[in-house]
Amino acid sequence: MKSLILIGFLTFFSSCRLFEVSENTPCPYKVKYTGHNPLIPLTIHPQKINYNIGDTIHISTQFKDSVYDFSTEETFLMKNFPFDPGVKLWRFENDSTWENGFRVNDYTIDSIYFQRFDANDDYVGVLYVDFVEKENKYFFEMDIVLKKKGRYIFQFEDYIYRYPGDYYDEKIKPYTFEGQCNLGIRPVAMIQGDDHLTDFVSELVHIDKKIFYDFYTSLKFKNIYDSPYGSGDWPWEFIGSYGFEVK
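Residue numbers (numbering that gives the first Met the number 0): 0 to 246.
Just so you know, the hints here were simulated from the structure itself, not pulled from any lab data. Yeah, the Cβ is synthetic: ideal placement off N, Cα and C, and Gly gets one too. Mixed in with the good hints there might be a few duds.
List time: in silico SDA-like cross-link candidates among lysine to any residue, alpha-carbon distance up to 20 angstroms [to be verified]: (1) K133 to V245; (2) K170 to P81; (3) K147 to P81.
Computed beta-carbon distance windows for the label pairs [as the list claims (entries may be wrong)]: (4) G164 to K78: 47 to 55 angstroms; (5) S65 to K170: 31 to 39 angstroms; (6) E73 to E134: 17 to 25 angstroms.
Start from the sequences, fold in the hints, and give me the full structure.
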């Protein structure tokens, strides 16, 4: 049910007007982005730009169910929210030759977090995962064991925004929380600390231009005229992007 076709994504939001505030019910908050954006903070350890073959990268998140909304800069209690995260790993041989990084490296993940791996989703393949909610917090963790040299882009994103309109209405629209505006809900995942994206512009430009056709941008650029990514409007930083090299 996770539609990965960007045309469908754009049609869905334009036809359903999902991220618009009702004229009859004004939102009391300043909305910076397109709807409610619950923040998933991601920690990378060790966090560095260069790794060696045999190194292990630990990816984790732990955040309270009183979730910070990056768009409104407010905090809302969101118990039992149906997050739907997925993990991608792009390995680049050069600026334009890439492969699924999970096929050439090892990863370990506890079965409580694992959903499924689909090698064909989102062009590069997606490892769909689950959060565990306990003690008023959400948890997730996994390891990547590096086995092949190359330049890598790791990404962690929530796929709710890819849902077709009827599936979104069925799975997400019934969910409500105190203080909610008449807005869609689109979780964002962000790397805590240096994401090294300025060192991997050529790889990101290739993903943006050749695969997703000007869909992405970066918070590091104030407007599209300064950005190498073109006319896209969804930041790399919102899909937990992290660049690194294995030497």
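Quick rundown of the hints versus the structure:
no.	hint	verdict
1	K133 to V245	violated (35 angstroms)
2	K170 to P81	holds (8 angstroms)
3	K147 to P81	violated (35 angstroms)
4	G164 to K78: 47 to 55 angstroms	violated (25 angstroms)
5	S65 to K170: 31 to 39 angstroms	violated (22 angstroms)
6	E73 to E134: 17 to 25 angstroms	holds (23 angstroms)
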